[in-house]
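Asks: The primary structure of each chain is shown beneath.
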Amino acid sequence: GQQLNQSPQSMFIQEGEDVSMNCTSSSIFNTWLWYKQDPGEGPVLLIALYKAGELTSNGRLTAQFGITRKDSFLNISASIPSDVGIYFCAGRIDYNQGGKLIFGQGTELSVKP
Amino acid sequence: GAVVSQHPSWVICKSGTSVKIECRSLDFQATTMFWYRQFPKQSLMLMATSNEGSKATYEQGVEKDKFLINHASLTLSTLTVTSAHPEDSSFYICSARGHTANYGYTFGSGTRLTVV
Chain B
1 GQQLNQSPQS
11 MFIQEGEDVS
21 MNCTSSSIFN
31 TWLWYKQDPG
41 EGPVLLIALY
51 KAGELTSNGR
61 LTAQFGITRK
71 DSFLNISASI
81 PSDVGIYFCA
91 GRIDYNQGGK
101 LIFGQGTELS
111 VKP
Chain S
1001 GAVVSQHPSW
1011 VICKSGTSVK
1021 IECRSLDFQA
1031 TTMFWYRQFP
1041 KQSLMLMATS
1051 NEGSKATYEQ
1061 GVEKDKFLIN
1071 HASLTLSTLT
1081 VTSAHPEDSS
1091 FYICSARGHT
1101 ANYGYTFGSG
1111 TRLTVV
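Protein chains in written order, with my numbering: chain B, 1 to 113; chain S, 1001 to 1116.
Just so you know, the hints here were simulated from the structure itself, not pulled from any lab data. There could be a bad hint or two in this list.
Said to hold, decoys possible - With a straight-line cut-off of 25 Å between C-alpha atoms, the simulated SDA-like cross-links for lysine to any residue are:
(1) S:Lys1041 with B:Met11
(2) S:Lys1064 with B:Ile93
(3) S:Lys1041 with B:Thr68
Pulled out of the complex, with its shape left as it was, chain B reads as follows:
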C-alpha cells in the first residue's frame, strides 16, 4: 500500500534553532497536511498544501508541497519550548476514494531551553 517516509524520527535541539523535517512517498498525493500532536491529544492541523510547488507559512512554520507531488517538508524557525511534540505529515488519497489520509511515522521534537 501507499506509505509515507518521514524523517528524522526524532530531533533534540536547542531553543532558538531552526528545524526541518520531510516526508517522501513513492506515490503521488493531491494534498499534503502537517499536524502536531501533544501527548494524550488528537493531532492539530498546522499547514495544508493543495498544489504542487505551493509554499505556505503559518507564523514560524513553513511547508512546501514538492513539485513531483511525492514529497513535502516542514520548517520551524526559531524554535521555542512549546514546539515540543510529535509532528506528522499526511498525504491525502484521491477524494473519490474516500479522501482518506496516509500518515508518516512522525518526528518527535524535543527543545532544550
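Place chain S on chain B using the hints.
Replies: Only chain S this time, still in chain B's reference frame:
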C-alpha cells in the same frame, strides 16, 4: 470553527464488555468521519471510513464485528469496541471532514481505552 468533540477522553473497562466512543462535529456537517488507532510512540493507523447513512469501509485487517461504526447523522459517528480484550487497549481518535474537498480534516481529542 471546525471543532470535533470526542467522548469519553478515557475509559477503563473489564474484559468482555463493550465500550462506545462518540465523535461529534460541533459546528459543521461531517459528510465523512474516520476512525484511527494509535499505539504509544507510533503513527495513526486508519481503521475505517464512514459516510453518513451508509456502512463503514474498513481497512484491511480490521475486524468489522469487533469495531462497530455507526454514522447515523451528519454530526455524529460512534465506534463500539465489542467484547473488549486487553489487546484492544489503545488510543482511539476520530477525524471529521466537511462537504468541501479542501475543508480539511479536524481531529477529536482522542479516547484512551484501557481494558483490564
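Asks: All hints are to be evaluated individually against the structure, with a verdict given for each.
Replies: Evaluation of the provided hints:
Our distance criterion of 25 Å between C-alpha atoms is met by S:Lys1041 and B:Met11, whose separation comes to about 14 Å. A distance of roughly 22 Å separates the Cα atoms of S:Lys1064 and B:Ile93; the hinted pair therefore holds under the 25 Å criterion. At most 25 Å may separate the alpha-carbon atoms for a hinted pair to count; S:Lys1041 and B:Thr68 exceed this at roughly 30 Å.
The structure fails hint 3 only (numbered hints given earlier).
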